[in-house]
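With chain A held as given, fit chain B with the ligand onto it using these hints.
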Amino acid sequence: MAVETPLKGNIGESIKRKEDDRFIRGRGNYLDDIVLPGMLHMAIHRSPFAHARIKSINTDAAQAVPGVVAVVTGALLAQHKLAWMPTLSGDTQAVLATDKVRFQGQEVACVIATDPYVARDAAMLVEVDYEVLPAVVTPQQALQPDAPLIRDEKEGQTSNHIYHWEAGDKAKTDEAFAKADRVVKLDTFYPRCHPSPLETCGIVADVNSATGHATLYMTSQAPHAHRTLFAIVAGLPEQNIRIISPDIGGGFGNKVPIYPGYVVATAASLLIGKPVKWVEDRSENLISTGFARDFHMSGEMALRNDGRILGLRVKLLSDNGAFYADAQPTKFKAGLFHIVTGSYDVAAAHVEADGAYTNKAPGGVAYRCSFRVTEASYLIERLVESAALEMNLDPADIRLKNFIQPEQFPYMSATGFEYDSGNYPKAMQLALDKLGYKELRKEQAEKRKKGELMGIGVASFTEVVGAGPGKHYDIAGLRMFDSAELRVHPTGKAILKLGVKSQGQGHETTFAQIVTEELGIPAADIEVQEGDTDNTPYGLGTYASRSTPVGGAATAMVSRKLRDKAKKIAAHLLEASEADIEFDHGKFFVRGSPSKSKTIQDVAFAAYTNLPDGMEAGLEGVTYYDPPNMTYPFGTYLVVVDIDRGTGQVKVRRMVAVDDCGVRINPMVVEGQLHGGLTEGFGIAFMQLITFDEEGNCLGSNFTDYLLPTSWETPKFEMGETVTPSPHHPIGAKGVGESATVGSPAAFVNAVIDAVGHLGIRNIDMPVTSDKVWAALSEKGAAE
Amino acid sequence: MLPAPFEYHAPHTTEETLELLDQLGDEGKVLAGGQSLIPLLKLRFASPAHLVDINKITDLDFLEERDGTLRIGPLFRHKSAERSSLLASRYHVMADAAPQIADPIIRNRGTIAGSVVHADPSGDWGTVLLALDADLVLRSKSGSRTVKARDFFSGPFSTTIEPTEILSEIRIPAAKPQSGGAYLKLERKVGDFATVAVAVHLQMDDGKVRSAGIGLTAVGPQNLKAERAEAALKGARLDDATIKEAAALAAEAAEPKEDHRGSVEYKRNVVRVFTERGLKRAYERARGGG
Ligand SMILES: Cc1cc2nc3c(=O)[nH]c(=O)nc-3n(C[C@H](O)[C@H](O)[C@H](O)COP(=O)(O)OP(=O)(O)OC[C@H]3O[C@@H](n4cnc5c(N)ncnc54)[C@H](O)[C@@H]3O)c2cc1C
Chain A
1 MAVETPLKGN IGESIKRKED DRFIRGRGNY LDDIVLPGML HMAIHRSPFA
51 HARIKSINTD AAQAVPGVVA VVTGALLAQH KLAWMPTLSG DTQAVLATDK
101 VRFQGQEVAC VIATDPYVAR DAAMLVEVDY EVLPAVVTPQ QALQPDAPLI
151 RDEKEGQTSN HIYHWEAGDK AKTDEAFAKA DRVVKLDTFY PRCHPSPLET
201 CGIVADVNSA TGHATLYMTS QAPHAHRTLF AIVAGLPEQN IRIISPDIGG
251 GFGNKVPIYP GYVVATAASL LIGKPVKWVE DRSENLISTG FARDFHMSGE
301 MALRNDGRIL GLRVKLLSDN GAFYADAQPT KFKAGLFHIV TGSYDVAAAH
351 VEADGAYTNK APGGVAYRCS FRVTEASYLI ERLVESAALE MNLDPADIRL
401 KNFIQPEQFP YMSATGFEYD SGNYPKAMQL ALDKLGYKEL RKEQAEKRKK
451 GELMGIGVAS FTEVVGAGPG KHYDIAGLRM FDSAELRVHP TGKAILKLGV
501 KSQGQGHETT FAQIVTEELG IPAADIEVQE GDTDNTPYGL GTYASRSTPV
551 GGAATAMVSR KLRDKAKKIA AHLLEASEAD IEFDHGKFFV RGSPSKSKTI
601 QDVAFAAYTN LPDGMEAGLE GVTYYDPPNM TYPFGTYLVV VDIDRGTGQV
651 KVRRMVAVDD CGVRINPMVV EGQLHGGLTE GFGIAFMQLI TFDEEGNCLG
701 SNFTDYLLPT SWETPKFEMG ETVTPSPHHP IGAKGVGESA TVGSPAAFVN
751 AVIDAVGHLG IRNIDMPVTS DKVWAALSEK GAAE
Chain B
1 MLPAPFEYHA PHTTEETLEL LDQLGDEGKV LAGGQSLIPL LKLRFASPAH
51 LVDINKITDL DFLEERDGTL RIGPLFRHKS AERSSLLASR YHVMADAAPQ
101 IADPIIRNRG TIAGSVVHAD PSGDWGTVLL ALDADLVLRS KSGSRTVKAR
151 DFFSGPFSTT IEPTEILSEI RIPAAKPQSG GAYLKLERKV GDFATVAVAV
201 HLQMDDGKVR SAGIGLTAVG PQNLKAERAE AALKGARLDD ATIKEAAALA
251 AEAAEPKEDH RGSVEYKRNV VRVFTERGLK RAYERARGGG
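Heads up: the sequence lines are chains A and B, in that order. Counting from 1, one number per residue, gives the positions in the first sequence under our numbering. Counting from 1, one number per residue, gives the positions in the second sequence under our numbering.
Some hints could be false.
[Stated by the list, open to error] Simulated coverage check for chain A against chain B, where a stretch passes if three residues somewhere in it have a Cβ under 8 Å from a Cβ of chain B:
id	stretch
1	116-124
2	644-658
3	685-698
4	773-783
Think of the hints as simulated: they come from the structure by calculation, not from any bench. For every residue, glycine included, the Cβ atom is placed at its ideal position computed from N, Cα and C.
Bound-form chain A, shown alone (with noise of 0.2 Å):
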């Protein structure tokens, strides 16, 4: 039943979200809901240990309990070749451990079995005979001479160090930090995360023994690169993979990488003839699959006396756990991280990044993020805050001392982006009006009187989204294009089919509404499909905020192209000269008489009824998008905290978030967007911790020790909005998924270093716990 709305859906208008009838009503189709008939279950034995020698596996004992019917090990997978496979860095990963674990929680072995209690049951005797080795946890232990070489069936590989990589222009970086009058350093850590989506990773692989088909159900958020990926590491003839990427529980890039328990799940599928379920358990999916961060960073920066920047120089070490995985473009190590001059005119910056292997899941996705942007902004955010504190300079006017102005767009970095546009004095001002700023520096300065402390964080975020140009960016050699194909039935309603796929960002709504504001086709007439790869036109996928920069514009030409054949159709039917046809939201009609008009109704049915001469019967067809440059989100976010001297406590009183995502297709839709990343960003900003102890044991493992805020205790955030639309994107939009997440840590901790930064306090690295508070507090005497 459709949503009843008075709204037709054109651009700007807050339409309800098509997609939510079937997810409230609990009618959604997820990986889990599906049940095949025959269908087996499949459970994982992993590896308690984080680094160790396999000496022997027994599967005896799980192949003898009633119900199993194959238990999976290496050594099978390696008859097929199938034990490793090639990560989305270029590196190769154990789909199931031959020769040692590399971390904790690594898959060993698979039992399936008719049912998913007895796979769990067998899946627990497997015994394996372990030679533990020391584990390395740090990327500084593993570049260590004598470190234990985690990666030595690598040949070639004699250490742990995985790359180097640098960018922009070091000789002028040193020419801007020699001509300085101060130098501000900041170290700082970007904890390890985890995207941890409500819905766990899965498939259903459903092998035809005798056709050779094969299809795939999986929690996908990319499924056609998936299926050439399957392709290339299973040798299946790609024709014959059908990746169907249900509904998906979020995603926030951990359903990016392709997982060992779906290459395995397949492979028994194949083997055993019948379909296999797998779907992981939460400890399961937070222990092995993508994380995020975990990025060693440190900054300086080169200023004049009067607050202005110079230069920037940056070192990074990445931790990237056993194995090179990181979802990025092939053409950077380190995603990039290093737009990480951020939203200032930097003349000079020079970034050097490294990356080791240590005993720890693999991954680097980019969680909710634009491939290690989330990691920049911070490092430049936290960078400014330092800068203004020792400079003694207010956060805010040191900012507007150092932005990219209004008129210096398009404007090229020291580092190689060009940012197609921006006004950030302007979000920055609406955010400091909308907070009272000026009123709460008086307050702080009262309150600091009495002892007490409160802080106003300011960060000043600016985003790189819409990969990308297909020359630059590519996955595994895909390039980054997008594609939507569009047809319009003769009773005027349409299917749009995508190459992108929703994870919950509600696309049946936003896309439809590009659709509605260039065909004038009412939303709630136009059914948006995703994730068959049997179904939709090839694409990337949806991670990176890139549906609407580059699904969203592929939508809008595609629109545009049946438009023009439209026009021909209304035309012919308005017995008039195409170039005298006017097309108003819906309407064509001959220039100058309005009234004599035909709907895109009317011209839907000619296109399959009454058509022009020698013109080709439909109203269909496809466009793929390759985008001319990135787009730029940008925004100003402000955080008010109080902190309890006694406890360290730190509690947000106020958070103000002004965005500027260039033009709103469904402002609801980008509010919610928003609210969702600004929660996620005070979970990272202050509780979320994947750490591991001197054994690598992992120490996240559950909701209980890895938390997620809920509505109880994350901030109400008055939001503020600017509008500068990106010039190069056919609607003017910028992706908008990720700004949230990419902005708000920085305004967070820098609230908590302006409340204790005269105190001394420089830094406290995230998640700002309150016992790392009082600690620092401690320190300096300021301890209640």
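Chain B with the ligand only, in chain A's frame:
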């Protein structure tokens, strides 16, 4: 959730339950709200062969004040404690604690008795009962016995209850005029167990403390009773110096361990700060304020 196999029983009377438990011995486990037991089954940290679900027994969900005693039944749930006007008006430490337990969904099912028997050193109700000097009635097929809350806990997740016994009633001395209490809990988010929590109960008598109860959560192998701090308050006037001294003694009584929630020093300090604040709040309430 994929637990190990178990057999499920759902008796309709307490007698039937006790009979079953007697037969099953070590193999049986009572299922009340399930909010601690089910997670253990899920993680396969526990795999009892038999579960005895007591939720079908109709007369176990009660809270009543009778003969100078507040009596709590085995199926009295956290949410009922949270909504009780009796507790809100006179048993402040309980009324404070209830809404700070877990989250609303867990409070809808979890029981006070289940929490006490589970004996998680980070659980809140045991601490509250220590401050209130409660008695626990343990019943088996062969009879019943009463133990003091302070004699009940014997270590992390362990108590003196026998597998054949149920906790059939919690008894608390009825609150008198001039009494007040408070429960202060430091948690990392709503729904989290305590990093540190402090329960305070005061019985005042003409400006002097007649008796004081102080319980500590998550700072030892079990819920702790800060007996030296309680003794220091007895008979004293609650001036700042007395409060500070008692708070320091409570902090000394704590035996915290360092973990990802904080250092030993930090947790001890929070005990001190919360004891101070808790005593002040309880005192206010005893005088009819707050
Ligand atoms: C996410 C989460 C957060 C939580 N947060 C908190 C918190 O902040 N503070 C807190 O205190 N608790 C918290 N809890 C635990 C919660 O309070 C449980 O409800 C409580 O500990 C157990 O009560 P129950 O009725 O659910 O018992 P069950 O889980 O049914 O049983 C627990 C144990 O007690 C035994 N048992 C139960 N009733 C009896 C009886 N009458 N006689 C004999 N044995 C019995 C069972 O056999 C079992 O061993 C949390 C739980 C979860 C899952």
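Hint check:
no. : hint    : in the structure
1   : 116-124 : holds (count 5)
2   : 644-658 : holds (count 4)
3   : 685-698 : holds (count 3)
4   : 773-783 : holds (count 4)
Going through the hint list in order, the structure satisfies each hint without exception.
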